[in-house]
Each structure stands twice: as structure tokens, then as C-alpha cells.
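Participant: Sequence:
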Amino acid sequence: MTVVLVGESSYWQSEDVLGELSALRAGTARLEELRAAPTDQQTDIHRTLLLNRLGVALLSVASLAALFLYLRQGLALEDQREREKQERQRLVQIERERLEVEVARRTAQLVKLAHHIETAREQERARLARDLHDEMGSLLTSAKLDAARIKTRVASLAPEALEPLTRLIEKLNSGIALKQDIIENLRPSTLDTLGLAVTLDILAGDFAKRSGVLVHCELAPVRLAEAAELVVYRVVQEAITNVSKYARARQLWLNLGIIQGQAELTVRDDGVGFDANAATNSSYGLLGMRFRVEAEHGSLSVTSAPNQGTLIRVRLPASTEAPVPSEYLSIAAATSPPDSPQGRVNGTARDLPVLRQG
Numbered sequence: 012m013t014v015v016l017v018g019e020s021s022y023w024q025s026e027d028v029l030g031e032l033s034a035l036r037a038g039t040a041r042l043e044e045l046r047a048a049p050t051d052q053q054t055d056i057h058r059t060l061l062l063n064r065l066g067v068a069l070l071s072v073a074s075l076a077a078l079f080l081y082l083r084q085g086l087a088l089e090d091q092r093e094r095e096k097q098e099r100q101r102l103v104q105i106e107r108e109r110l111e112v113e114v115a116r117r118t119a120q121l122v123k124l125a126h127h128i129e130t131a132r133e134q135e136r137a138r139l140a141r142d143l144h145d146e147m148g149s150l151l152t153s154a155k156l157d158a159a160r161i162k163t164r165v166a167s168l169a170p171e172a173l174e175p176l177t178r179l180i181e182k183l184n185s186g187i188a189l190k191q192d193i194i195e196n197l198r199p200s201t202l203d204t205l206g207l208a209v210t211l212d213i214l215a216g217d218f219a220k221r222s223g224v225l226v227h228c229e230l231a232p233v234r235l236a237e238a239a240e241l242v243v244y245r246v247v248q249e250a251i252t253n254v255s256k257y258a259r260a261r262q263l264w265l266n267l268g269i270i271q272g273q274a275e276l277t278v279r280d281d282g283v284g285f286d287a288n289a290a291t292n293s294s295y296g297l298l299g300m301r302f303r304v305e306a307e308h309g310s311l312s313v314t315s316a317p318n319q320g321t322l323i324r325v326r327l328p329a330s331t332e333a334p335v336p337s338e339y340l341s342i343a344a345a346t347s348p349p350d351s352p353q354g355r356v357n358g359t360a361r362d363l364p365v366l367r368q369g
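Residues 12 to 369 (our numbering) make up the sequence shown, in order.
What the hints contain is simulated information worked out from the structure, not anything from laboratory work.
Nothing here was measured: the structure is a model prediction, and the numbers come from that model.
Heads up, a few of these hints could be off.
[What the hints assert, rightly or not] No farther apart than 20 Å at their CA atoms in a straight line, the calculated lysine to aspartate or glutamate pairs in the EDC-like style are these:
| id | residue 1 | residue 2 |
| --- | --- | --- |
| 1 | 182 | 157 |
| 2 | 155 | 145 |
| 3 | 220 | 195 |
| 4 | 190 | 145 |
| 5 | 123 | 106 |
| 6 | 96 | 106 |
| 7 | 256 | 281 |
| 8 | 220 | 174 |
| 9 | 190 | 133 |
| 10 | 123 | 286 |
| 11 | 190 | 203 |
| 12 | 155 | 174 |
| 13 | 96 | 108 |
| 14 | 155 | 192 |
| 15 | 190 | 146 |
| 16 | 190 | 229 |
| 17 | 190 | 142 |
| 18 | 256 | 275 |
| 19 | 162 | 146 |
| 20 | 123 | 111 |
| 21 | 190 | 106 |
| 22 | 155 | 135 |
[What the hints assert, rightly or not] Have a look at the derived ranges for each label pair, beta carbon to beta carbon:
| id | residue 1 | residue 2 | range |
| --- | --- | --- | --- |
| 23 | 148 | 106 | 54 to 64 Å |
| 24 | 168 | 257 | 48 to 58 Å |
| 25 | 35 | 70 | 45 to 55 Å |
Note that the Cβ used here is the ideal one computed from N, Cα and C, for glycine as well.
Let's have the full structure, built from the sequences with the hints guiding it.
Facilitator: Given below as C-alpha cells:
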């Protein structure tokens, strides 16, 4: 170690002292740096935390905004679907109403057409009945009279011809009776002359004789429109035809009267019955009845069940015209044979008992 002594300043110029001073200054600078480092780190940490918080806040805001947009879009889509649904329902309702109007219009047309066809058919039946009565009736009657005259003249000349002539006259009588039955089936003449009750009683009596069914009649002298009376006659005709074909009934009840200002007809039997809700081929007759009745602004109901018989009920508007006078019924009863169906009609209950054959 070399020491140079040049007064007091020589001391500070020694190498050792200078090194210590440098070290001291370096330590002081380092100390300042070390003192400043925590502050910078804290600032960085604070800045980082602040940025993280700001990022979380921004992310939350973005998430809320996205949720809001999603919900808004979902509500908009739901509203759109609801509007589309309401629009579809409105269009369906409009189409349904249009179809209902169309169905009602077509139904009215079909009812009108059915009524026209039925009217034309009845007119044709009436024309055929008149032709049979006027043309064929006169021919058969003339042939019967000629055969009777020939029989009288050949009685002494050719006795062997009497038997063939007698058989011919019997066949002509059968033909005249058959002609009369056909005419009555086409258009019952008593419907215009004696009224509905007498006509139904005759029809019931003929049915009882043919079928052996015990028929109970209670027929009041009601008055209907001409077309409605013919409808009632056809309904009873169809009903007793069904009884004879399918019902295997032993008894039949036929009632006609006024109920609550309307004419009511009921036809009931104690036959095997059927399921009224089942559509079968045999129900076309019932459909025909219903169309006829509804065409005259009436109603028809059928009540039946297996092994419980069948009840047909018809209601039609009563006519404002006066009913058939009771004296007509009295005349019909007085001028008919005791066993004739006409003798059983006076507005009260009647039984038409007929023994079964075999």
C-alpha cells in the first residue's frame, strides 16, 4: 500500500478511500433501486388487478348484453311463432267456416234434389196407378164380362167348356185383385178420400193378415199436408216391411196423434232389434225414411238394441187444415165388412189379432 501525504487532501486521494466511496455510492444507488422496486411491483400488481377487474366487468357486461340479446331474440321468435300460430288458426277458421257454408249449401241442394226426386217418383206412381186403373182395369173387367157371357151361352152347348171358363173367370178375378193391390201400393186411393188414419189402419190390417203379427193400432184422425201424409204412409210401409223381413216380431204397435202441436207417429215392435249406431246395408231404408221426413221439415229417430225391439218415432208439423171429420170414419166403419180393417178406426186403440200360420 502506497500512501502519499500531501496535506489533508492526500488522504481522500488514497485508492482505498476512493474505492469505499464508490462502493458507498453504489450501495446507495442500489438501496434506492431496491427501495423503488417494491413500489413498481405494487404498481404493476395494482395495475394488473385493475385490468383484471376491468376485464371481468367488461366480460360481465358483454355476457349480460349477450343474454339480453338472446332473451330479446327468443321473445321476438316466440312472438313471431305466436303470430304465425294465430294466423294459421285464423286461416283454418276461415277455411272451416267456408267449408261449413259449402257443406250446408250442398246439403240443402241434396235435400232439395231428394225432395224433387221423391216428388217426381210419387207423381210417376200416381200416373201409373191411374193408367192401371183406367186402362188395365177396363180391359180385365171387359174380359171377365165376356168370359161370363160365353160361359152362359156355352153352358148347354158345350158343358165340357164350363170348367175352363170358370178357371178363366177366377184368374181374371185374381188379376183384378192383383191390379187393385198394385194400385194401392203405388198410390193409396183412401189417402185422398178417407184420410191418413183409415189408410194406415187398412195397411196395418193387410200386414197382419199376411204376416200373422198381432198389430195394435191407436190412430187419431190428424190432418197433415198432402205430401206429409204420403211421407207418413211410406214410412209406415217401409217400417212394416222391415219388420216382416228382419225383426221376427210377434207384436207391432202403431200410434198416430198430436203431441205438443205436432203430429207424432210411432212404430214399435218386439223383434230382435239391432245396433242403431252400426251402419249396415239394411239401414238404407231408414236413411230413405229420414230423407223423406226431413224434406217435409220433420224429424225421425230410431231407438233399438239387440233383442229389445225397435222404435221409430216421426214428428211432422201439423196442418192448419181441419182434420178428417169423424163422420167419414163412421161411414168407413159402417160400409166395411166386420173383419175389414176400416171397421176398426175411430180414433181409439184397436188390436188387429191374426193367428200365426204353422
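Participant: For which of the previously enumerated hints does the structure constitute a violation, in increasing order of number?
Facilitator: 5, 8, 10, 16, 18, 19, 21 and 22
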